[in-house]
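K.L.:
Residue numbers (this note's numbering), protein chains in the order written: chain B, 1 to 665; chain H, 1 to 665.
Just so you know, the hints here were simulated from the structure itself, not pulled from any lab data.
Some hints could be false.
What the hints assert, rightly or not - SDA-like mimics (lysine to any residue), calculated; alpha carbons at most 20 Å apart, straight line:
| id | chain 1 | residue 1 | chain 2 | residue 2 |
| --- | --- | --- | --- | --- |
| 1 | B | Lys436 | H | Ile65 |
| 2 | B | Lys131 | H | Ile65 |
| 3 | B | Lys447 | B | Ala494 |
| 4 | H | Lys436 | B | Ser316 |
| 5 | B | Lys436 | H | Tyr648 |
| 6 | B | Lys639 | H | Ile65 |
Unchecked claim - Taking CB as the label site, the calculated pair distances span:
| id | chain 1 | residue 1 | chain 2 | residue 2 | range |
| --- | --- | --- | --- | --- | --- |
| 7 | H | Lys360 | B | Ala470 | 54 to 62 Å |
| 8 | H | Glu507 | B | Glu449 | 53 to 61 Å |
| 9 | B | Arg585 | H | Leu367 | 33 to 41 Å |
| 10 | B | Glu449 | H | Leu451 | 55 to 63 Å |
| 11 | H | Gln497 | B | Ser463 | 31 to 39 Å |
| 12 | B | Lys440 | H | Asp643 | 53 to 61 Å |
What the hints assert, rightly or not - Stretches of chain H that chain B covers, calculated by requiring three or more beta carbons in the stretch to come under 8 Å of a beta carbon on chain B:
| id | segment |
| --- | --- |
| 13 | 230-240 |
| 14 | 294-303 |
| 15 | 425-438 |
These numbers were taken from a predicted model, which means no experiment stands behind them.
Where a beta carbon is used, it is the ideal one built from N, C-alpha and C, also for glycine.
Protein chains: 2
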Amino acid sequence: MAINPDLAKERRNASFNVEDLTNFIYHGPERARRRRYIQNIALQEPFLKNCKPWAFRNREEEYEISLEKQLHVFKRQKELNITDDVDKFYYNEASAPSENAPFGLHFAMFLPTIEKHGTEEQRKKFVQLAKDLRIIGTYVQTELGHGTFIRGLETTATFDPNTQEFVLNTPTLSATKFWPGNLGKTVNYCILMAQLYTQGKCHGVHMFLCPLRDLDTHQSLPGVELGDIGPKFGFGSNDNGYLRLNNFRIPRDHMLMRYSKVLEDGTYLKPTNSKLSYGSMVMIRAGIVSAVSRSLAQACVIAVRYSAVRRQTEVSPGGPEAQILDYQTQQHKLFPLLATAYAYYFAGQAVQASFLKISKEIEAGNLQQMPVLHALSAGLKAFSSWGASAGIEVCRMSCGGHGYSLASGLPKIYTNITPACTYEGENSVMMLQTAKYLLKCSMKVQKGEKLPELVSYLSTDLSAKSCMAADVSLKCLVMAYEHRSARLTSAAAAAVQRYMSDGQSPEKAFNMAATQMTWAAKAHCHQYVVKVFVNTVVEAKIDDRTRAALTTLCKLYAVNGIMENLGEFLQDQFFNNDQVNILTRKLMTLLADVRPDAVALVDAFDYHDRILDSCIGRYDGNVYYALYEYAKSSPLNEKDVLDSFHKYIKPLREGQTSSPVPARL
Amino acid sequence: MAINPDLAKERRNASFNVEDLTNFIYHGPERARRRRYIQNIALQEPFLKNCKPWAFRNREEEYEISLEKQLHVFKRQKELNITDDVDKFYYNEASAPSENAPFGLHFAMFLPTIEKHGTEEQRKKFVQLAKDLRIIGTYVQTELGHGTFIRGLETTATFDPNTQEFVLNTPTLSATKFWPGNLGKTVNYCILMAQLYTQGKCHGVHMFLCPLRDLDTHQSLPGVELGDIGPKFGFGSNDNGYLRLNNFRIPRDHMLMRYSKVLEDGTYLKPTNSKLSYGSMVMIRAGIVSAVSRSLAQACVIAVRYSAVRRQTEVSPGGPEAQILDYQTQQHKLFPLLATAYAYYFAGQAVQASFLKISKEIEAGNLQQMPVLHALSAGLKAFSSWGASAGIEVCRMSCGGHGYSLASGLPKIYTNITPACTYEGENSVMMLQTAKYLLKCSMKVQKGEKLPELVSYLSTDLSAKSCMAADVSLKCLVMAYEHRSARLTSAAAAAVQRYMSDGQSPEKAFNMAATQMTWAAKAHCHQYVVKVFVNTVVEAKIDDRTRAALTTLCKLYAVNGIMENLGEFLQDQFFNNDQVNILTRKLMTLLADVRPDAVALVDAFDYHDRILDSCIGRYDGNVYYALYEYAKSSPLNEKDVLDSFHKYIKPLREGQTSSPVPARL
């Protein structure tokens, strides 16, 4: 179909070359090409093309189609020899966008955990079986009563030296395992987190390889009660499950014993290094920052394209209706979010890069940098998943009524990513972890001690005033964010100290200042994201016009963030009145500056229409055609007259024969 | 089942009598009792008790069960002689909480429109048929291409004097009617909004009674193409529909002609009074403010009760785990929202009361007050629906993982109410309507003209500073909100004037300042909500202890609103540093003050468990029991082993016969 003329015009008028930005986003022309090549293979698969549309599936179909799809993908990737992790990721993204795979945790958690925590014999026995999907597993940690606070888990594994077995039990209702993905109906194995008891003592939470279902019949094993936990807000294709264990026995060699060990006589041997999982948490949380940035980016693609196509209300009476993208209120909704999508994307990359750098230092024996990165990644995971979740809903609402239709693609993007606010560490808990680290830093600042690079700005002079001038320089923007974070950290630490000197215990004092600590932690994350964005646009090897467009977006991100949190920048008169006026006007001119490039900036993410799965976000802009076709194909329209008419509506007319009504009045 | 001991303790420790507050909320003990009496009748209905749980229905079932349910309710209300509108509302709320009825718009829009806009003959012919559900209709306005901007509708009704008929047409794809509730499969009639053409001239949008389906067979009539628009984000039981008309003819007397008329020769007669719908828009929007307050209240009930029951993380090592309601961060999430639910509830009531008062003035010939109320209700609808939508999601996320389960009841509350941000006037458009009115007021202030009471504060002295002192008085809080709104209005008006004096057209200038105008409009709504809350707690005829608890909540609403928008209060140094410090500390003490009354404050809304439909928001607090039972009843658990195992998973094992794996390793 022909490209909608408004979209065509937008693309002609962009100030930079879209391909240049796409190449930058995906790490150079070669990798950008490779990504497109891999995705095109998936998009051409007849099987995937012909799957029943996601929006029309009921829960049972969601699960079953995803299962079939994932096994098809597994087979095809083998046949096509797609083995590289990045290639696999892109192939999957094109195959099942914003869907959760019934085996997702098998590959993401079950297999890697055995590889990392299993003994050599265990790896020999289980890894290949798992790779071939001849056993299918998941990672079972969360219980009804405990999630992020792992030490509180109640499931027990008690060693019985007489039989050389662990006896697994669910001692209470709240100990019922609840939420693990794929646990309900799909897997036949799991990694079980349970409190280890041996020789009458509890040794804390350990990991056990636990069979759940008969490998032949798939029936749940005696002593194992499990099932699906029921429908959720999205995630329909994932059979998140529950599990209760009743004196269920597994052999001693089913405890993952690479680090901790239970000997034949029940003697417990401690792990030699307990900080091992520190690094993988950093990587998982950095991965979430990247994932939420992609979801927000997709929502922006849809909302910006639709806003370019959608015309509504004549500007002057009798004139043509305006593209809604020309309304400043629409720009003010969408452009800061578009900037945020880029900002989070760059931040996710930066954390991963820091992690790789710091990992090398650790190998060289320098452990100093890991805590600061760990604290940052925890907060950033929370900061970005909150920001992206709220932002996606703003995108959805910016599309008027059509945003509510599953046809828009936006509800699916939202329900698929909003759980990131809770999984892998509940956001508020994450923020408080970051806050606790900042509190320690603040104490060090008071003592004049040196801080690691990522937080060294905390020792900045708090009496300084902003250098902001009419040019709104990147340097003064960064300084503003550093100042705000340093001041809030200092204020929160002072509050804790005040409560303690009033006689409160450290725990109570911390809780009484927890809200202020959270403000400080958010400000810390915010300054990091701004700083990374600034460094990225300055250092990027891109065309000058592309850099100019990205710099505008970077300034918009920073200026809008100041305006949205202005009180935190004004409490100590860091900005004067003139500077606030400069920033207010700059916000409006930045919106106008982004306007001609908005479509190009979303195009640059290079999301195929099938990945967006959106009638209103189509590359060609034929949105009304697509909505109409979607509506016609709704399963409720298979029959003109539903059976419910005969059952419920027709009797209404027939019941009242006293004054018959003709069929047409 | 026994009440959870934590909840029991909370209820014992409340500072006021819950019943006293419940009676106040529901307008006195008699009406509160009546409400409970009516709801209990509905809750005892065996048919309603035994309906398949909402969470387990697929789309088709959602529709069909709601249809059956609504007809059952219709019949029972007749049998029980429940005729009062308030009684009906409470009966319906208990019968189908947060569900959309397939006939909802029949009673809410179709019937009232005929009664209001039909001629005497039309009313005689159609009203009783509609009351008996022998014709079922809806209100068909929105098209693919046009929603809030009604003048842009494209559907045509062209009068043909030869046959004395209107010829109805859908001239373009974007003219396809899209979204009207119940249009797809349920109704056989509608009120159609279409551009009236007669004698070669267009006379704008008018209303037509349009048959759509054969009353006997329910088949769509020739020339009528219609159907369901497909699945949405919630609203599954509503068959929102699309409609295309192809030279479809209706008799001349099917145009609703009480005000405008088309004579036999095609002569068009204008309506005598064109401002008639002004008042009903105010009432509908005030009704939305009340509706969103109820949804937010329900979300708060669930989240607060769960937070009292949920214990997580020991405060000091080895000690008991704390109720999460004791964490300040949790309080800071939930208590301001609880205050907001009360605030919106009182605001909705206040607008309705103002409307009734002003309606009497209008009858007495005084039309002056309606524009100010109209502008307020538009903005307030947007302000409250945005606030409630975002707030419900915060409540959901405050419940950890379980908030994502449909078992929590929270996703349903959210998806049912978030469309209020768009229907009955898109929120951003509403805010700009309020803003335009404020702009006019600002001009009047400049000219020294007198303003209506609801906006008279806009002429306040902008150089004044806050009177805020350590007691954080209600008076100084109100002054702060008035000051902020007046200042932002003045600043936005100045921006418009500056752009115009720079040579921009008025439309362009307004658009260039639209973001600032929106800030002003939000501040105006905010000050109204604060003022109503303050007046309510001061004037309420309640026990002093109840008043004290409500006053704390009122102050929390106001102080938290200042802290969240602090920049807008600080730009002109309205507050000094000391005052900001006072407010920051006051926020924390208010959270602590609300803490012991939190459960009582949510109990006071008196929502029955069946209305909340939440495993985690139960009155008795047996949340883990309920979640476990919910999970077990999930349809996916009807079989231990799903058919998909045999189809997809078993072949994985069998396909690799080279090294057989035993059924249990």
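K.L.:
Going straight from one Cα to the other, do Lys436/B and Ile65/H come out at no more than 20 Å?
P.N.:
violated (52 Å)
K.L.:
For the segment 425-438 of chain H, count the residues whose Cβ lies under 8 Å from any Cβ of chain B; is that count three or more?
P.N.:
Coverage by chain B holds here, the residue count being 5 at a Cβ distance below 8 Å.
K.L.:
Tell me if the beta carbons of Glu449/B and Leu451/H are separated by a distance inside 55 to 63 Å.
P.N.:
holds (59 Å)
K.L.:
Has the given pair, Lys131/B with Ile65/H, been kept, meaning a C-alpha gap of at most 20 Å?
P.N.:
violated (45 Å)
K.L.:
Is the Cα-Cα distance between Lys436/H and Ser316/B 20 Å or less?
P.N.:
holds (15 Å)
K.L.:
Is 53 to 61 Å respected by the C-beta to C-beta distance linking Lys440/B and Asp643/H?
P.N.:
holds (56 Å)
K.L.:
Quick one, are Lys639/B and Ile65/H close enough, alpha carbons at most 20 Å?
P.N.:
holds (18 Å)
K.L.:
Mind taking a look at whether chain B covers the segment 230-240 of chain H? Criterion is 3 or more residues with CB to CB distance under 8 Å.
P.N.:
holds (count 7)
K.L.:
Between Lys447/B and Ala494/B, is the straight-line Cα distance small enough, at 20 Å or below?
P.N.:
With a Cα-Cα distance of about 14 Å, the restraint between Lys447/B and Ala494/B holds, given a limit of 20 Å.
K.L.:
Take a look at whether the Cβ-Cβ distance between Lys360/H and Ala470/B falls inside 54 to 62 Å.
P.N.:
holds (55 Å)
K.L.:
Is it true that Arg585/B and Leu367/H lie within 33 to 41 Å of each other by Cβ?
P.N.:
holds (39 Å)
K.L.:
Could you tell me whether the CB distance from Glu507/H to Glu449/B stays inside 53 to 61 Å?
P.N.:
59 Å Cβ-Cβ, so the 53 to 61 Å window holds.
Hint compliance for this structure: hints 1, 2, 5 and 14 are not met, and every other hint is.
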